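Student: Chains as they are written, first to last, in numbering that gives the first Met the number 0: chain A, 0 to 345; chain B, 0 to 345.
Read the hints as simulated data drawn from the structure, not as lab findings. Model, not experiment: these values are computed from the prediction. Hints may be right or wrong, so weigh each one.
In this list, chains with the same sequence are indistinguishable; a pair is considered to hold if it fits within one copy or across any two.
[Stated by the list, open to error] Derived BS3-like pairs (lysine-lysine); straight-line CA-CA distance at most 25 Å:
#	residue 1	residue 2
1	Lys18	Lys299
2	Lys218	Lys299
3	Lys18	Lys301
4	Lys301	Lys218
5	Lys299	Lys289
6	Lys157	Lys301
7	Lys289	Lys301
8	Lys217	Lys18
9	Lys289	Lys218
10	Lys289	Lys217
There are 2 protein chains.
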Amino acid sequence: MVRKTTIVPVNRSLLPQIKAIIDNKTKPLGALGQLEDTATTLALVQQSLQPAIHAPHILVFAADHGVARSGVSAYPQSVTWQMVMNFLAGGAAINVFANQHNVALKIIDVGVNHIFEAHPLLEDAKIAMGTHNFYDRAAMTREQLHEAFHVGREQVEKAIGAGSNTIGFGEMGIANTSSAALIMSYCLNLPIADCTGRGTGLNDQQVQNKIALLGTVKKQRGPLHSSDDILQHVGGFEIAAMASAMRYAASRQLTILIDGFICTAAYLCVYREHPDIADYVIFCHQSQEKGHQQLLETLKAKPLLALNLRLGEGTGCALVIPMLYSAVNFFNTMASFEGANVDGAS
Amino acid sequence: MVRKTTIVPVNRSLLPQIKAIIDNKTKPLGALGQLEDTATTLALVQQSLQPAIHAPHILVFAADHGVARSGVSAYPQSVTWQMVMNFLAGGAAINVFANQHNVALKIIDVGVNHIFEAHPLLEDAKIAMGTHNFYDRAAMTREQLHEAFHVGREQVEKAIGAGSNTIGFGEMGIANTSSAALIMSYCLNLPIADCTGRGTGLNDQQVQNKIALLGTVKKQRGPLHSSDDILQHVGGFEIAAMASAMRYAASRQLTILIDGFICTAAYLCVYREHPDIADYVIFCHQSQEKGHQQLLETLKAKPLLALNLRLGEGTGCALVIPMLYSAVNFFNTMASFEGANVDGAS
Numbered sequence: 000m001v002r003k004t005t006i007v008p009v010n011r012s013l014l015p016q017i018k019a020i021i022d023n024k025t026k027p028l029g030a031l032g033q034l035e036d037t038a039t040t041l042a043l044v045q046q047s048l049q050p051a052i053h054a055p056h057i058l059v060f061a062a063d064h065g066v067a068r069s070g071v072s073a074y075p076q077s078v079t080w081q082m083v084m085n086f087l088a089g090g091a092a093i094n095v096f097a098n099q100h101n102v103a104l105k106i107i108d109v110g111v112n113h114i115f116e117a118h119p120l121l122e123d124a125k126i127a128m129g130t131h132n133f134y135d136r137a138a139m140t141r142e143q144l145h146e147a148f149h150v151g152r153e154q155v156e157k158a159i160g161a162g163s164n165t166i167g168f169g170e171m172g173i174a175n176t177s178s179a180a181l182i183m184s185y186c187l188n189l190p191i192a193d194c195t196g197r198g199t200g201l202n203d204q205q206v207q208n209k210i211a212l213l214g215t216v217k218k219q220r221g222p223l224h225s226s227d228d229i230l231q232h233v234g235g236f237e238i239a240a241m242a243s244a245m246r247y248a249a250s251r252q253l254t255i256l257i258d259g260f261i262c263t264a265a266y267l268c269v270y271r272e273h274p275d276i277a278d279y280v281i282f283c284h285q286s287q288e289k290g291h292q293q294l295l296e297t298l299k300a301k302p303l304l305a306l307n308l309r310l311g312e313g314t315g316c317a318l319v320i321p322m323l324y325s326a327v328n329f330f331n332t333m334a335s336f337e338g339a340n341v342d343g344a345s
Numbered sequence: 000m001v002r003k004t005t006i007v008p009v010n011r012s013l014l015p016q017i018k019a020i021i022d023n024k025t026k027p028l029g030a031l032g033q034l035e036d037t038a039t040t041l042a043l044v045q046q047s048l049q050p051a052i053h054a055p056h057i058l059v060f061a062a063d064h065g066v067a068r069s070g071v072s073a074y075p076q077s078v079t080w081q082m083v084m085n086f087l088a089g090g091a092a093i094n095v096f097a098n099q100h101n102v103a104l105k106i107i108d109v110g111v112n113h114i115f116e117a118h119p120l121l122e123d124a125k126i127a128m129g130t131h132n133f134y135d136r137a138a139m140t141r142e143q144l145h146e147a148f149h150v151g152r153e154q155v156e157k158a159i160g161a162g163s164n165t166i167g168f169g170e171m172g173i174a175n176t177s178s179a180a181l182i183m184s185y186c187l188n189l190p191i192a193d194c195t196g197r198g199t200g201l202n203d204q205q206v207q208n209k210i211a212l213l214g215t216v217k218k219q220r221g222p223l224h225s226s227d228d229i230l231q232h233v234g235g236f237e238i239a240a241m242a243s244a245m246r247y248a249a250s251r252q253l254t255i256l257i258d259g260f261i262c263t264a265a266y267l268c269v270y271r272e273h274p275d276i277a278d279y280v281i282f283c284h285q286s287q288e289k290g291h292q293q294l295l296e297t298l299k300a301k302p303l304l305a306l307n308l309r310l311g312e313g314t315g316c317a318l319v320i321p322m323l324y325s326a327v328n329f330f331n332t333m334a335s336f337e338g339a340n341v342d343g344a345s
């Protein structure tokens with residue numbers, strides 16, 4: 000996908016110095032666990048021995064899914080636009096956590112089935128009033144896919160313009176766990192049942208129906224190989240935009256925060272074609288949604304949090320923000336054994 | 000232990016209202032996972048539908064252990080006082096995280112083998128220059144145990160005087176995983192090998208030596224039943240003070256934050272005699288230290304974090320502070336379905 004830009008692996012020449020700094024802090028070796036890994040990632044991505052989080056952003060891409068009309072979600076499609084209105088009014092979970100941690104929040108309408116009035120938090124990048132129902136036909140045209148890619152790059156460019164070096168990604172789109180389940184199933188060659196969960200709260204019978212429907216989609220569609228084909232046929236505008244945004248963010252050497260199941264599915268589309276993106280990524284939350292754990296294992300990812308959230312919106316990214324500051328703060332300000340005159344291990 | 004004060008279960012009459020508030024927030028039912036549990040705990044402990052975190056404190060109890068002379072730690076005993084100096088100078092991990100989250104930090108010398116000069120962060124409550132080596136004899140006298148209990152209560156009283164309704168507990172004491180392992184083994188009737196880990200970084204052979212030594216202690220000491228007997232014989236001053244502080248904090252209906260393995264061992268001493276303390280507790284971090292996971296399972300506790308920390312100092316409590324604010328913030332300020340005109344599940 001978008002082969003014009005390239006993702007280079009981070010330059011690891013600083014790694015010995017980074018490790019020496021961490022190991023000389025006044026604590027047993029390795030005792031800060033995943034915070035040490037996080038500090039290492041930030042220092043390598045930033046190519047700095049004084050890493051810092053600048054103007055963290057969370058970009059929430061929102062779009063509707065034609066497949067919602069097939070009854071794969073516990074909530075009606077109208078909830079997508081209603082939740083966007085809730086984001087704009089400041090009433091959603093992501094607003095609460097973004098405000099708490101002083102994170103810049105942008106809501107990007109890539110294809111919600113509703114016309115919104117202009118609002119400072121809202122980016123109008125609507126491609127259509129939602130995707131086609133992929134039960135009947137491809138979710139979007141190739142042109143629409145490229146439009147979604149363009150939106151993703153553009154939004155990252157804007158965040159960079161606002162001074163950001165750290166971007167979290169979130170999404171809103173009723174029925175988008177169906178899209179994410181198909182993406183996972185295609186990319187990893189797994190049975191659809193292994194990738195399909197309760198979404199916002201389906202019961203057992205409804206999950207079975209969802210699996211049956213998605214299985215039919217896969218059978219009708221036949222094999223899909225490239226990430227572009229998969230995104231075009233069974234993706235969503237918000238998922239395609241996220242994938243492109245992540246890819247572009249890595250090419251610009253920003254730190255990328257990955258939220259839950261849908262966000263990870265978008266990441267997977269990029270990762271399988273550009274595995275070096277992994278150098279730029281911090282996984283934030285392991286979701287309750289079935290499939291996410293296996294997806295994370297495939298990616299060898301251990302998120303910083305596992306709070307049983309299943310909300311999307313970038314909430315996992317927002318909750319991780321203070322831990323990023325903890326990582327840079329210990330790296331930059333904690334005393335060394337020599338500086339504090341503390342004896343080392345015998 | 001300290002049977003004079005009582006711990007009452009929280010009054011659950013507010014529970015239906017708390018649940019209604021959470022379930023009406025604009026999110027799928029249960030979608031905020033452990034943050035919903037945390038908000039519920041805070042609201043019940045505070046008996047309030049507008050819970051708030053006031054003047055959070057972290058009390059780090061520090062003391063030396065005679066058993067350190069038997070070579071059960073990777074670090075020499077001198078590290079206890081050197082790390083206390085590091086706390087006072089602001090250079091340790093707990094300083095970094097407490098500063099980041101605006102948490103009041105107190106270092107309480109209950110028995111460090113060093114004379115400190117007065118310092119604003121330091122509470123001088125020294126009982127002795129460390130415990131006796133419990134390989135040879137009881138770690139402390141009954142009088143010293145009661146002194147440690149008194150210190151714990153007194154420090155909680157001071158935090159309450161400073162307006163705190165939320166107290167985290169941490170510790171510093173070279174060799175105190177040995178003490179915690181014996182406490183766990185006695186309280187839960189488990190083989191010492193199941194309770195003994197690497198502490199600050201023992202290798203396999205050193206862990207075997209530690210297990211052998213602690214097994215000998217258990218054999219020589221014979222059965223110990225009450226928490227007071229266990230703490231007196233194989234505890235430490237900082238562990239006894241923490242246990243008493245937790246117990247008193249629960250009796251005063253504060254929220255109690257539990258850090259890692261040693262802190263949980265102190266809690267276990269109280270819990271087995273006053274199980275209602277569980278109503279007041281938020282478990283912060285699941286440690287890498289062997290035994291902690293089993294200890295948490297016994298207590299049916301699922302900490303908010305599992306970052307592979309193995310540091311103590313109350314660092315897990317400090318890292319959880321922003322999540323406590325996230326819990327009260329969503330509870331108090333997130334929009335309801337009705338308020339935001341968002342449709343519910345079908």
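Student: State for each hint whether it applies.
Tutor: A quick look at each hint next to the structure:
| no. | hint | in the structure |
| --- | --- | --- |
| 1 | Lys18 with Lys299 | within (21 Å within a copy, 37 Å between copies) |
| 2 | Lys218 with Lys299 | neither (29 Å within a copy, 44 Å between copies) |
| 3 | Lys18 with Lys301 | within (20 Å within a copy, 31 Å between copies) |
| 4 | Lys301 with Lys218 | neither (33 Å within a copy, 41 Å between copies) |
| 5 | Lys299 with Lys289 | both (17 Å within a copy, 24 Å between copies) |
| 6 | Lys157 with Lys301 | neither (29 Å within a copy, 40 Å between copies) |
| 7 | Lys289 with Lys301 | both (16 Å within a copy, 20 Å between copies) |
| 8 | Lys217 with Lys18 | neither (47 Å within a copy, 40 Å between copies) |
| 9 | Lys289 with Lys218 | within (21 Å within a copy, 48 Å between copies) |
| 10 | Lys289 with Lys217 | within (19 Å within a copy, 46 Å between copies) |
Violated hints for the displayed structure, listed by number in ascending order: 2, 4, 6 and 8.
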